[in-house]
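Chains as they are written, first to last, in our numbering: chain Y, 342 to 784; chain C, 5 to 445.
Bear in mind the hints are in silico, worked out from the structure with no lab data behind them.
Note that the Cβ used here is the ideal one computed from N, Cα and C, for glycine as well.
It is possible that part of the hints are untrue.
Okay, derived cross-link-like pairs now, SDA-like style, lysine to any residue, Cα gap no bigger than 20 Å in a straight line [unchecked claim]:
hint	chain 1	residue 1	chain 2	residue 2
1	Y	Lys-470	Y	Arg-440
2	C	Lys-125	Y	Asp-368
3	C	Lys-204	Y	Lys-470
4	C	Lys-293	C	Ala-250
5	C	Lys-293	C	His-314
6	C	Lys-126	Y	Leu-446
7	Y	Lys-470	C	Glu-336
Counterexamples of contact, computed for chain Y against chain C with all Cβ distances above 10 Å [unchecked claim]:
hint	residue
8	Asn-488
9	Ile-538
10	Glu-586
11	Pro-699
Here's the letter readout for the chains.
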Amino acid sequence: MTSANGNQSNGSSGQDGVDIGGARSADLSLPGALDGLRVLEICDEKGQFCGKLMADNGADLIKIEPPGGESCRSFGPFLDDIPHRERSLSFWHYNTSKRGITLNLETKQGQDILKQLASNADIVLESRKPGYLESLGLGYDVLSADNPGLIMCSLTPYGQTGPWRDYVSSDITQMAGGGQMASSGYDEIDVPNAPPIAPGGGNAWHIGAHYAYIGLMAALYYRFLTGEGQYIDASIHEACALTTEGAIAIYLSTGDVVQRHTGRHAAPDMSPAIQFPTGDGGWLNTTRSGTNLTPQRLKLLADWFDQSGMAEDLTDERYQDPEVIASENDHIVSVMKNFFMNSTLMDAFHGGQQRDFPWGAIRSMDELVGDDHLTDREFFKEVEHPELGRTFTYPGPAMLYNGSPWRISRRAPLIGEHNSEILQGELGLTNSKMLLLAEGGII
Amino acid sequence: MPLPTPLQGIRVVDFTWVRAGPWAARWMGTLGAEVIKVEWPLNLDTLRQNRFTVPPGVEPGPNSTGQFADTNANKRGISVNTRTEEGLELVKRLISVSDVVIENFSSRIMQRWGLGYEQLKKIRPDIIYVSMAGFGHTGRYHWYGTMGPAAQALSGLTHLSGLPGEPPAGWGWSYLDDTGGMYGAISALTALRHRSATGKGQHVDLSQMITGITLTGPALLDKTINGRKGRREGFPPGNRTVWPGAEVVNNYRGPIAAPHNAYRTAPGGYNDWATIACLTDDEWHGLVKLMGSPGWADDRFDTIDGRLDHQEEMDEQIEAWTKTMGKYELTEKCQSAGIRAMAVQSSQDRVDNDPQLRHRDMYVPMDHPMLGPWKFQNAPFKMSKSPARMSSPPPMIGQHNRDVLEDLLGVSHEDLLDGYENGVFWPSTMDRYPYIEEALR
């Protein structure tokens, strides 16, 4: 939330061109913030995003997959719509900047190799079923025995303890239990009797990953102070349950349960609708300011609408009275709606922002690509896939670090791509040993 | 003796307000940092005025809202007028003994105060400065304002959610205030590791809106790489992975699967719903068995293609079964057969009915001076050696002026009293609360 705290920004002075008065990303020749950290990742869709957050910040992350590759390599969409475990765009996105090896952890030799790798790792991140790694003799106590600084995080659907610890889940069931769905759906005027709707995009996994990352970074600072590592038991269910804005505080305060409505702040009553159609088939989200008008802000709107002869009576002096604005709210909203229906989405959005209305155009992927502001921030990153002889455009970071660059250092690893580099180059396994491991189904 | 916290010794100057920024600093505090929230009573944090969260029987006021309380727990608070020379000078002195500065004003506000990164660096060379503006501080629209719902709209997140052929549903709350806050903490902690390794601070220029874009990865790659249209028939597919009759493409929620939906449960109230997802044919056959192998569930449904072809009929039949029981009974039945299922839980369910959250101490009681015994949301992870900790209720406005200004910054008691008289530590136009008078004695 970023309004100007009574000290409005340049507002209606209009856009001021490319402005780099904020931060610029640090030079890519510098190390990333997590440079020098060795991370082992044993994760499917539940934890791979946390790994990406570390790897793109410079951690040396080795992804350990079962022979044949991690299960989530089978998630579409696929490159050119040709299904293949090396062509999953989902896997590509969530595994940038990582190296990858394959290892069968259910064999003694596989376990020995993991222990060797863990003996000089800083972090182990895993999202297997609770108790699974421990049952293989690969729990935290074992892995940290010769490496007391090791930090290990298990990120699982419900955590390592409690009555639901062994419950199985998917993105939608986590969003059901976490409360995302109970708060999301439609206003009656949009879709009557709509069900609770789980927001799309795989966000239960994101929410879990954000908190796991925070726990890991806190543990790193504690290790910086004390030299001690530790074990972190992170729960996606708890992370989701924390991520429903005011729902819990409202319930604790008044006993009220939030209502489902179309795309606005959590509320226990049916607050006014704020999402309006535009003439070109778009939708504008007006947050809630459309019905929070001071006389001064109403005048800004009226003058703007008047430029195209659509202010109706809003330029009238009598609207310079908060009581009139309140009593005429429905009329004011209908004038706004009419204006939007005669405007394009982007004109309405920019026109509003230029008058300090914090509105948002509902954009699809079609409108994001090529966006000027994102281009100014060098948001889109070109990533080379040398085995295909092609380069693709990936999303960049949410933030610019001016002292330690964020970067996609390589595309997602191919299955077992770094087996030789790591097992031979680092652990010193011979060619014949590698052959035996491969034929034995261990790598 | 309680275990140590991980961020012990870290001091955070918190200029944030409303939700995303305060939520970022709240987690720094929960992890053990000393967070000092800087406020001014004439520009009240809007959560101090939240109309939904003043409990009945509690006197309304800036210290009485539940939403401010949870969002600002584990912090201390001072009231300083940064538009006075003395106030600004003290804030600079505070920064000079701090590790992190976090703010979520519009871009350029801090620069106008003389507290942009270049100036902060002069005050404290290794300062970590996290700015959390809607569009960030860099780029042509840096001065555009956002709140969570508008940021979600602009980021593409909203468009990924809803029923096909209907308006976008988006998120029914401010996802990017919660998650924007997470990224504020992520930024600070990442920069802290960089400082531990190099001794250097930095400016992290976070954009709430762009945070949302980074959470659309597979959809964005489907656009940039495959050229698939974001606006297409049958998208977004509601709770399903593919809408009935629509082209079978992956719509970015894991693998294509059916059933994959929310179903009504008994007794049919507003939140009597549960979700079921069968990701494999085996899981489907497990569900069929659990339902008592009804006649309708014949071999038409044996494979994913068949289940997608007959999705409407399948979902209707499944719902006829789920409506015969409560959502928790359904959840337990499914889980005992290894079927992915979970009740749709309201806020009330999570606080009162969820045995897992209870087992894990999700809601931690502390005494709040206005609200009385109050539950605060705990960290969603257990750290074995240095756990997160609920250490204090949120500050009442200006509550810790004396502690911070006298004990930490060395302001004399006389100067403190003068500052209250001349509008530096409290507006001369406003009555002081009894707790402030008491602290000054």
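Results of checking the hints against the structure:
Note on Y/Lys-470 and Y/Arg-440: the hinted pairing is violated, with a Cα-Cα distance of about 23 Å set against a maximum of 20 Å. Between C/Lys-125 and Y/Asp-368 the alpha-carbon distance is near 19 Å, which keeps this suggested pair within the 20 Å criterion. Between C/Lys-204 and Y/Lys-470 the alpha-carbon distance is near 39 Å, which puts this suggested pair outside the 20 Å criterion. Only pairs whose Cα atoms come within 20 Å are accepted, and C/Lys-293 paired with C/Ala-250 is rejected, the gap being roughly 29 Å.
The suggested pairing of C/Lys-293 with C/His-314 holds, with an alpha-carbon distance near 19 Å, which does not exceed 20 Å. For a cut-off of 20 Å, the pair hint linking C/Lys-126 to Y/Leu-446 is broken: about 52 Å separates their Cα positions. Taken as a hint, the Y/Lys-470 and C/Glu-336 pair is honoured in the structure, with Cα atoms around 18 Å apart against an allowance of 20 Å. Under the 10 Å C-beta cut-off, the non-interface status given to Y/Asn-488 relative to chain C holds; the minimum distance is some 15 Å.
Y/Ile-538, annotated as away from the interface, has a beta carbon of chain C within 10 Å; the closest lies near 5 Å. The non-interface label for Y/Glu-586 is inconsistent with chain C: the shortest C-beta to C-beta separation is roughly 4 Å, within 10 Å. Interface exclusion of Y/Pro-699 from chain C breaks down, the closest Cβ pair being 4 Å apart, not more than 10 Å.
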